[in-house]
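2 protein chains.
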Amino acid sequence: MTDLSALLDHADTNLDASLERLFALLRIPSISTDPAYKPECRKAAEWLTTRLIELGFEASVRDTAGHPMVVAHHAGATADAPHVLFYGHYDVQPVDPIDLWTRDPFDPSIAEIAGGRKVITGRGSSDDKGQLMTFVEACAAYKAVTGSLPVKVTILFEGEEESGSPSLKPFLDAHAAELKADYALVCDTGMWDGETPAIAATLRGLVGEEFVVTAADRDLHSGMFGGAAANPIHIVADICAGLHDETGRVTLDDFYEGVEETPSNIKDSWAKLGRDAESFLGEVGLSIPSGEKGRSVLELTWARPTAEVNGIIGGYTGQGFKTVIPGQASAKVSFRLVGQQNPAKVRESFRAYVRSKIPADCSVEFHEHGASPAIHLGYDSPVLQKAKIALSDEWPKPAIVVGMGGSIPIVGDFQKTLGMESLMVGFGLADDRIHSPNEKYELQSFHKGIRSWIRILAAL
Amino acid sequence: MTDLSALLDHADTNLDASLERLFALLRIPSISTDPAYKPECRKAAEWLTTRLIELGFEASVRDTAGHPMVVAHHAGATADAPHVLFYGHYDVQPVDPIDLWTRDPFDPSIAEIAGGRKVITGRGSSDDKGQLMTFVEACAAYKAVTGSLPVKVTILFEGEEESGSPSLKPFLDAHAAELKADYALVCDTGMWDGETPAIAATLRGLVGEEFVVTAADRDLHSGMFGGAAANPIHIVADICAGLHDETGRVTLDDFYEGVEETPSNIKDSWAKLGRDAESFLGEVGLSIPSGEKGRSVLELTWARPTAEVNGIIGGYTGQGFKTVIPGQASAKVSFRLVGQQNPAKVRESFRAYVRSKIPADCSVEFHEHGASPAIHLGYDSPVLQKAKIALSDEWPKPAIVVGMGGSIPIVGDFQKTLGMESLMVGFGLADDRIHSPNEKYELQSFHKGIRSWIRILAAL
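Chains as they are written, first to last, in the UniProt record's numbering: chain A, 1 to 460; chain B, 1 to 460.
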């Protein structure tokens, strides 16, 4: 344990240098979903590879059909130490609407916000560059203080997490032997609050679908054709409006197949967290839960499946007005899955529903945007217990075990392809505005995040 | 009548010069709804003013709060001749989606299309620059052959017809004495078919509304908040989907107040036109009437009110996918009115309906985009009868009296503000693609349109 305090001291005294490196990574606009930023994604992968080589890793950029992976290996100090695979993603979400940012999203800075909290600003500061760099900087501390790492470490950084991870499954399949470890460490989740670290034990799955409805073969004048010609906006709106019934339940056939009720003792433990609708939604200017009636917001976001329209467009949407009946309209819809829901079946049920709503003289086209089942790690895993103690030593309050509403498909893929459990630990906060304008990451999350990984690596 | 054949001959032999002038006007991208094109709108007004001065008019560009008007006066050859006010608009619709145009919309040309028909291509070729120039060129023929005009003519060209005509009513109010004539000639309508001219006797009114729903104060991650936070896309879709019931009727309270059933003899005359759903909708790739059940397409588009969503947008609509619950979503909705429907009441009923659908923790904002009541001219007006004969002399088939689905608010304003009836004659065809990519105007419409006005002016 003497080593541990030297390591933690090193993280403290070298924080400025750690921040400088994070800023360099944040300045690269690695937006994976937009083909215009393809060279920037590669640049982020190359930057990380160079850094990992400096830390003694054998690291390289690996090409895929999409954006490249970064794979790195470090043998660690002793041959019989466990072998961990650390996962993070270097790609980020688009920045629109850009006019709502108060600072260039790719010009990171340290800012002070309400309550005197210091934050790191910029796209990717929390999701996921800031998070993955907490681990890289923990490795840097070990390298500087001990010359090596306490365990055998493989690192996998992905560049397509924000765009459905199309290359990930093939890459894992092709390099299963190289990537297989005793377990994975995944840093893409959040804390319970600024003082309480959290380990995620459940993760919702995701099905992404886009559909385009075509009616007339051209845009029509609504005076000349209005009242007689099919309006694809009406069809798309009708489809979206019909996804939920009055009680907030999703109406698709067999949608709830595989969904289990959360055990009452788990629900009780969540109820004790004191997170009610007002506090949960109040942070974003809302107050009334919008989903299934009679369930708490934690249950709605951690343990219940959803259908959400993430984008809709049709007709004239610029300034002013245009009396047009467009030829096409479209929407992007995602489903969050829990328990044993089957992504392929959900997709098929959705498509059948949409097709049933298309008039005989119109047509519909579907585009698939990713699929992953929900996963549920054991509450009693030993790795989880060790990490819980290490995190509780670092932070003001003891670590808790929670559910996660978002999808981290990699965790399902690690389980399915590599037969490997994942430990999900992260230091994001609910108000980090990930995927939104003015994303930030607490300076404390970054600093104590580095210290947390130092402790977890020591405990393992 | 010797004069008439000399005038018609002049129109024939000078067609190329007439086309050159039309092309010069079509080259000016006078898109009124987009503030970026404000200087171009003025340029179009100035071009027309210059041309009218050449023809002996006392003409000037008149400033308004928006785009300018063109007003021109010509005393005519004899003091006791009738006084007509000719109306057209020099502004055009936006050109998006620009990638569907096969040629620059502001680089007009003569093209040959299916069946050997020659057409004038470009935005505004049919709506309304090509149409208004038929009248200007008819005046040019009179000026060249007779040195004057057979009647007293006032011309009013507007530059905001495609964006709700905000300045028109104040302008008519302020210049009522100057603009008042015995009746108006309005050239912004179409033919029945390529051989049959038409005079419009009814016109639907229009109410334009835009509403913006705000839920959370930022864009949210659908994993973190999905199932708990209100999704404004769902709210907007629900509102749009609820505008019609299963029979295609509009659901707004009191919406059908003032709507009268079309007399059966009128419906019979329309039935004889042989315009069924398949022929009407087949031109644009459709076949099934989408509006109120049990009514013909002519009744649906000429004599029934509608609600159409002309634009909808919310969330991520770019390439790829983004699992976002947006803070806002919005739609643009227009209502076509008939009979005695009151635009103000329709707007209020719509807003009350929308407000009733907004959850207590969300909000809605409305933007008004124009309002005009429906109008119905007398079938037995003497001016209409004279024009019917003149048009029947020019074209292969006799002129017919029809209804119009689109709104021409000016006709209502002439009636209300200036106590003046309007004769609506135009030479557009249903497949002119007005408001759409690849707008065109038949060369024959332009040529025989000029000849038609020469005949109508002679008949008056």
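Hints were generated in silico from the structure; no laboratory data involved.
Heads up, the beta-carbon is just placed ideally off N, CA and C, and yes, glycines get one too.
Any given hint could be a false lead.
[Unchecked claim] With a Cα cut of at most 27 angstroms, we get these calculated DSS-like pairs of lysine-lysine:
no., chain 1, residue 1, chain 2, residue 2
1, B, LYS152, B, LYS38
2, B, LYS267, B, LYS293
3, A, LYS397, A, LYS293
4, A, LYS152, A, LYS386
5, B, LYS143, B, LYS43
6, B, LYS169, B, LYS357
7, A, LYS357, B, LYS357
8, B, LYS357, A, LYS293
9, B, LYS267, A, LYS357
[To be verified] The following residues of chain A were derived to be distant from chain B, with all beta-carbon distances above 10 angstroms:
no., residue
10, ASP34
11, ALA174
12, ALA237
13, SER264
14, VAL297
15, PRO398
16, HIS447
Hints, one by one, checked against the model:
no.	hint	verdict
1	B/LYS152 to B/LYS38	violated, 32 angstroms
2	B/LYS267 to B/LYS293	holds, 16 angstroms
3	A/LYS397 to A/LYS293	violated, 33 angstroms
4	A/LYS152 to A/LYS386	holds, 17 angstroms
5	B/LYS143 to B/LYS43	holds, 25 angstroms
6	B/LYS169 to B/LYS357	violated, 34 angstroms
7	A/LYS357 to B/LYS357	holds, 23 angstroms
8	B/LYS357 to A/LYS293	holds, 17 angstroms
9	B/LYS267 to A/LYS357	violated, 32 angstroms
10	ASP34	violated, 6 angstroms
11	ALA174	holds, 24 angstroms
12	ALA237	violated, 4 angstroms
13	SER264	holds, 20 angstroms
14	VAL297	violated, 4 angstroms
15	PRO398	holds, 23 angstroms
16	HIS447	holds, 23 angstroms
Of the numbered hints given earlier, the model fails hints 1, 3, 6, 9, 10, 12, 14; all others are met.
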